[in-house]
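S.K.: Residue-level listing of the chains:
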Amino acid sequence: MGYAMLFRPVLTAVFAAAVFFAGPASAVEIQQLTSPKGIKFWYERQADLPIVAVSATFVNAGAATLPLDKEGLAYLVSILLDEGAGDMVSAKFQAYADEINIDMDFNAGTDNFDVGFRTLSSERDNAFKLVGLALTQPRFDAEAVERMRENQLDDLNRRQASAGDMLNRAWAKAAFGDHPYGRNIRGNPGTVEKFTVADLRDFVATRFTRDKLVIGAVGDVDAAEISRLIDLAYGGLPATGPRLDPPELVVTPPTDRDDITIVRQNIPQSTVIFGTRGLKRDDPDYYAAALLNNVLGGSSFMSRLWDAVRAQRGLAYSVATFINPMQHSSYFMGQVGTNNDQVKLSYDLIRSEIDRVAREGVTQKELDDARSYVLGSFAMSMDTNRRLAGVLASIQIAQLGPDYIDRRADFYGKVTLDDIKRVARRLFWGDPNATEGTVRLITAISGNPTGFDKAN
Amino acid sequence: MFGSRFGRSRLAGAGFAVVLLALAPWQIARADTFPVETATLPNGLQVVVIPDHRAPIVTQIIYYKIGSSDSPVGLSGLAHMLEHMMFQGTSTTPGSVFHSAVAIHGGDENAFTQNDVTAYHQTVGKEALELVIQLESDRMHNLTISETAFRSELQVVEEERRMRTENTPGGLFSEQFGAAQYLAHPYGLPTIGWMGDIERYTREDAVAWYTTWYVPNNAVLVFAGDTTLAEVLPLVQRYYGPVPSRATPPRIRAQEPPQLAERRVIFRDSRVRQPSITRSYIAPTRNARDGMAAPLSMLAQILSGGTGRLNQSLVIGQKIAAGAGAGYGAGSMDPSTFTFSASVGRNGDIAALETALDAEIAKLLKDGVTQEELDRVKNGIDASYTYGRDQVQSLARLVGGGLAIGLTMAEVQSWPEELKRVTVDDVNKAARAVLVRPHAVTGLLLPDTADFATVR
Chain A
1 MGYAMLFRPV LTAVFAAAVF FAGPASAVEI QQLTSPKGIK FWYERQADLP
51 IVAVSATFVN AGAATLPLDK EGLAYLVSIL LDEGAGDMVS AKFQAYADEI
101 NIDMDFNAGT DNFDVGFRTL SSERDNAFKL VGLALTQPRF DAEAVERMRE
151 NQLDDLNRRQ ASAGDMLNRA WAKAAFGDHP YGRNIRGNPG TVEKFTVADL
201 RDFVATRFTR DKLVIGAVGD VDAAEISRLI DLAYGGLPAT GPRLDPPELV
251 VTPPTDRDDI TIVRQNIPQS TVIFGTRGLK RDDPDYYAAA LLNNVLGGSS
301 FMSRLWDAVR AQRGLAYSVA TFINPMQHSS YFMGQVGTNN DQVKLSYDLI
351 RSEIDRVARE GVTQKELDDA RSYVLGSFAM SMDTNRRLAG VLASIQIAQL
401 GPDYIDRRAD FYGKVTLDDI KRVARRLFWG DPNATEGTVR LITAISGNPT
451 GFDKAN
Chain B
1 MFGSRFGRSR LAGAGFAVVL LALAPWQIAR ADTFPVETAT LPNGLQVVVI
51 PDHRAPIVTQ IIYYKIGSSD SPVGLSGLAH MLEHMMFQGT STTPGSVFHS
101 AVAIHGGDEN AFTQNDVTAY HQTVGKEALE LVIQLESDRM HNLTISETAF
151 RSELQVVEEE RRMRTENTPG GLFSEQFGAA QYLAHPYGLP TIGWMGDIER
201 YTREDAVAWY TTWYVPNNAV LVFAGDTTLA EVLPLVQRYY GPVPSRATPP
251 RIRAQEPPQL AERRVIFRDS RVRQPSITRS YIAPTRNARD GMAAPLSMLA
301 QILSGGTGRL NQSLVIGQKI AAGAGAGYGA GSMDPSTFTF SASVGRNGDI
351 AALETALDAE IAKLLKDGVT QEELDRVKNG IDASYTYGRD QVQSLARLVG
401 GGLAIGLTMA EVQSWPEELK RVTVDDVNKA ARAVLVRPHA VTGLLLPDTA
451 DFATVR
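Just so you know, the sequences run in chain order A and B.
Using my numbering, the first residue of the first sequence is number 1, and each one after it goes up by one.
Using my numbering, the first residue of the second sequence is number 1, and each one after it goes up by one.
Hints in this document: simulated from the structure, not taken from any laboratory.
Bear in mind the structure is a predicted one, so any value in this text is a computation, not a measurement.
For each residue, glycine too, the CB sits at the ideal point set by N, CA and C.
Check each hint, because a few of them may be wrong.
[Stated by the list, open to error] List of simulated lysine-lysine pairs, DSS-like, C-alpha gap at most 30 Å:
#, chain 1, residue 1, chain 2, residue 2
1, A, 129, B, 420
2, B, 319, A, 92
3, B, 366, A, 92
4, B, 378, A, 92
5, B, 378, A, 129
6, B, 319, A, 70
[Claimed, not checked] Derived coverage of chain A by chain B (criterion: at least 3 residues anywhere in the stretch with Cβ under 8 Å from a Cβ of chain B; other residues may be distant):
#, segment
7, 89 to 98
8, 159 to 169
9, 259 to 270
10, 308 to 315
11, 374 to 383
Next comes chain A alone, as it looks inside the complex (with noise of 0.2 Å):
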């Protein structure tokens, strides 16, 4: 039976989710450790559960790599992946992964290609052996390639006509427009239609290599197991491929105006998301950032925005903003859903708040709360060892260092009030030292708002 939440996170978004890292001092202990194959990876023994966790991620080697006429390629790739390697051809390969209980998950995202998989301890010989296998072994077997060819298509064709898909594509065209990130990573029916199994082998062989990857991995075995059982997934991996990296990209609305493209929709509720630039996660003021998307519409129940359109006047379900900070780009966007006639009141609210936050900055209680928030949910994101290798993988995606969780709590600790107006001006003005300024923004709309029809 169905159920209903007080608030669900709506931002899944149209690239992968902003990853913040921030806490107290957890109880982390992370091993540096390189295998007998010259594999390095991070490692935090859990001796509790007899699972091991892998997140182990390819940078650099995602959707955004990939020229025009090869869009949709590494979606492609990522729904083969469990459909035959080595001699096994699919039923056998997924038959053998039912058996030794293997949990794994291939996620082409836009910048890199993501290989998690969880192992009960006693199987783990078989499963970092069947990872190896796939990455390095891929049969992509007519049958099995015609076959998920055809679910990316069908899968397509649905996604033209969700409401959801149109939208997030209308705003990525504006904020991107021909650069790759501006590309569906599901790819079209043009592109699609046309891939080769050769294509498919090139993919593997240039984005699938060393220098590409990083692991982070949780397990109730020692350093000695863990390392060995890496070289069974990884140590079968070229050393090196070719730098793929798209070119970088400054995201910048129109100074005249808000860039708004509408999706027009006979539905009775209006999604809206809207945006402008961010900023990278090496950004000096990332940490600032962070603290001020909070503070505005961030995770918790207590932003600006939720108070404005939510609390206050029961405009939606839910408002929420984040930072995506991508390797060549970065973005900060919101979402809020708001019945036809009334949408154009939750934006204007929105669009009032992030003018105040760039002309005022936020309050010193504000600033703190937000700190408290930041600092005490790290810990939260590392519940479960799955979640926590993949923290281990994104601190190192991030080039952070292994004392980042020592250090975390001291990046934020030194953000001040004025670092915070300089970034909000920066981010919604376009300029950290200007003193007047307009708030400008890209935003898409789906559905059949009223109010819209001038320029704003």
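Given chain A, put chain B in place with the hints provided.
M.R.: Same frame as chain A, but now just chain B:
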């Protein structure tokens, strides 16, 4: 087996005279299950602790034994409306103090309403455990419901309904389908309520609901994470102990009459690109204690997933479906459903798919499942519990949800063993008893031809 417990003793007025008559933690430490400690307060509050000391965080979940299907006639979804009001402040903790207190500690919090239960949960660092106990116990008996807050939150619930149901063809279809499945039982009503009913709620309805059902003797309180019963019980006694118990009226729900006529629900929407079919039969749950739930659970798994029978036959073998699976809910108070679902690809033939699905069901009823199929599914039972232990919050929901619908702790704990005892004969008998055409509703979600969207 796990210590004698109080029944629903009345503790008239004597706020703090909390005496715990007996406390005998029941612990088991097998790899495929998990330790549980239980106690019951004199005011009838049932307390469960699932210790897990891997990270210094704790989850508190309280289940009230009252859900959407208990809502008064004409006020469908009222239970969910009250869930929203539970965040609007109490006589001692006004407005959003609850939210901010949890947020300052970086905690996660939310709530959910299901047909049988309403539940509230927080996950916090261990240092905030007493705080969330205090806050949750406070709103068990001190809630204030102002007309202003009620009106505002009513709009929020309307927006939530638009978002979840009215904006999507799938949401509208499921609601219509569910209504056809039940001739009399309120499981046929949407969990969030019909829009017309939502519009009729009054503040007095919400107050009456709260006063009637939110009492300690009607709740199950679960802690999961870095605590023990010995540690948490004094806090529970201090804060929840003084909340007076009060007799609750019987939960009277219309029960299904014999279903003698199969039904067909056809829903057309212009946004549907690929038709799908749903076939659903009324089915008993664990609460019926008739031995059917475990075999039906195994049957659903035999039919589902990549290696499952429906995918193997309809998708991979006959290439007539783009996807196919089965589902069954074992954990509701009253009869739930056993459901088949399948969709066609871009140029698929939904009529042919229905014929093929009928043939699969006929074959299942005639030849039954095989020992090999059953063994494949049984092989995953222990593993799923081991993986489940990585997510202690999911265990908390398993236990809390089970107890709240009337299962005993022994029944909750013995579920994997019940599943393992299932024989091929059990599965086939259950299939033949449940998959009876007059009990079935067939739903078709079909495209319309009209244009649905234009991008401006």
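S.K.: Hint by hint, say whether it matches the structure.
M.R.: Structure-based check of all given hints:
1. Distance hint between residue 129 (chain A) and residue 420 (chain B) is fulfilled; the C-alpha atoms sit about 29 Å from each other, no more than 30 Å.
2. Of the supplied pair hints, the one linking residue 319 (chain B) and residue 92 (chain A) holds, its CA atoms being roughly 19 Å apart against a limit of 30 Å.
3. At most 30 Å may separate the alpha-carbon atoms for a hinted pair to count; residue 366 (chain B) and residue 92 (chain A) meet this at roughly 27 Å.
4. For the suggested pair residue 378 (chain B) and residue 92 (chain A), the alpha carbons sit about 18 Å apart, so the restraint of at most 30 Å is met.
5. The suggested pairing of residue 378 (chain B) with residue 129 (chain A) holds, with an alpha-carbon distance near 24 Å, which does not exceed 30 Å.
6. Between residue 319 (chain B) and residue 70 (chain A) the CA atoms are separated by roughly 26 Å; this keeps the pair inside 30 Å, and the hint holds.
7. Check on the segment 89 to 98 of chain A: 4 of its residues sit with their Cβ under 8 Å from a Cβ of chain B, so the three-residue criterion for coverage holds.
8. Given as covered by chain B, the segment 159 to 169 of chain A passes the check, having 5 residues with a CB less than 8 Å from a CB of that chain where 3 are the minimum.
9. Taking a C-beta to C-beta cut-off of 8 Å, the segment 259 to 270 of chain A contributes 9 residues in contact with chain B, enough for the three needed, and the coverage statement holds.
10. Here the segment 308 to 315 of chain A counts 6 residues with a CB under 8 Å from a CB of chain B, which clears the bar of 3, and the coverage holds.
11. Residues of the segment 374 to 383 of chain A lying with their CB closer than 8 Å to a CB of chain B number 9, which satisfies the three-residue condition for coverage.
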